[in-house]
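The chain contents come next:
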Amino acid sequence: NAGVTQTPKFQVLKTGQSMTLQCAQDMNHEYMSWYRQDPGMGLRLIHYSVGAGITDQGEVPNGYNVSRSTTEDFPLRLLSAAPSQTSVYFCASSYSGPHTEAFFGQGTRLTVV
Amino acid sequence: AQSVTQLDSHVSVSEGTPVLLRCNYSSSYSPSLFWYVQHPNKGLQLLLKYTSAATLVKGINGFEAEFKKSETSFHLTKPSAHMSDAAEYFCVVSDLEGNKLTFGTGTQLKVEL
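So the sequences go chain by chain: A and B.
Counting in my numbering, the first sequence runs from 718 upward without gaps.
Counting in my numbering, the second sequence runs from 1157 upward without gaps.
Hints are not guaranteed to be accurate.
Said to hold, decoys possible - One side of the interface only, derived from the structure: several residues of chain A facing chain B at Cβ under 8 Å:
hint, residue
1, Gly775
2, Glu789
3, Pro815
4, Phe821
5, Gly822
6, Gly824
Said to hold, decoys possible - A short, non-exhaustive set of chain A residues, derived as facing chain B with CB atoms under 7 Å:
hint, residue
7, Gly757
8, Gly759
9, Val805
10, His816
11, Glu818
12, Gln823
Hints were generated in silico from the structure; no laboratory data involved.
No experiment lies behind these values; they were computed from the predicted model shown.
Built from N, CA and C at the ideal position, the CB exists for glycine as well.
The following block holds chain A by itself, in its conformation from the complex (with noise of 0.2 Å):
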């Protein structure tokens, strides 16, 4: 079983640049979730969906953008790349909700320079 898939595993960006961190789940989970880790501050949630079609902000929301088409897929985009934004991304999934066991992807680091 796959789980869930997060491309790419690492990327260095240059101030200003855009782009997308992938994530895709195949156990059919309704809620998916993207986080940042930063050392001492544990994961922040940055959006979730909690199915096709419906997104919604977490806690630090602000020069990241979701959507959902699919299921399956949950991509986050960064707009225009800051070095604050330097961190790890974890993509998660579960069932029905985060009352619910949550499977997480590998993580993206990421460096803006």
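Chain B: place on chain A using the hints.
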């Protein structure tokens, strides 16, 4: 609003001795509580979860946690540490109010010979 406080950012134990990782939570409603583990350069994996059933929850790899409503605590324990337990551990709360997970800042567990 919900929140999680992990009381120790670093814990160091000797192999074969007990592990105690402390977590306090705040939630307006009946919470679901989780412990996740993250090994270096990996995604997060669920250790155990509490969802209003038995207050003593058993997880994988010999870990367990006890939900104490009066103390708003959900401490993680293991009777005997193993070298492979060295990782970062996150206490996480979810409730029906926010439709999202809130992570603690993490506890880094070091296991020494």
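A quick look at each hint next to the structure:
1. Given hint, A/Gly775 at the interface with chain B, holds; its Cβ is 6 Å from that chain's nearest Cβ, closer than 8 Å.
2. Interface hint status for A/Glu789: violated, as the beta-carbon distance to the closest one in chain B is roughly 18 Å, over 8 Å.
3. Checking A/Pro815 against chain B by beta carbon gives a least distance of about 4 Å; that is within 8 Å, so the hint holds.
4. The closest approach between the C-beta of A/Phe821 and any C-beta of chain B is roughly 4 Å, which is under the 8 Å cut-off, so the hint is satisfied.
5. Restraint check, A/Gly822 versus chain B: the minimum CB separation of about 6 Å is within 8 Å; hint holds.
6. The interface hint given for A/Gly824 holds, since its Cβ lies 6 Å from the closest Cβ of chain B, which is under the 8 Å cut-off.
7. Evaluation of the A/Gly757 hint against chain B yields a held restraint, the C-beta minimum of about 6 Å falling below 7 Å.
8. The restraint placing A/Gly759 at the interface with chain B holds, with a minimum CB-CB distance near 4 Å, inside the 7 Å limit.
9. Using the Cβ-Cβ criterion of 7 Å, the hint placing A/Val805 at the interface with chain B is not satisfied: the shortest such distance is roughly 9 Å.
10. With its C-beta approaching chain B no nearer than about 4 Å, A/His816 sits inside the 7 Å limit, and its interface hint holds.
11. This hint holds: A/Glu818 has a C-beta 5 Å from the nearest C-beta of chain B, less than the 7 Å allowed.
12. Below 7 Å, beta-carbon pairs count as interface contacts, and A/Gln823 has one with chain B at about 5 Å; its hint therefore holds.
In this structure, the hints that do not hold are numbers 2, 9, in rising order.
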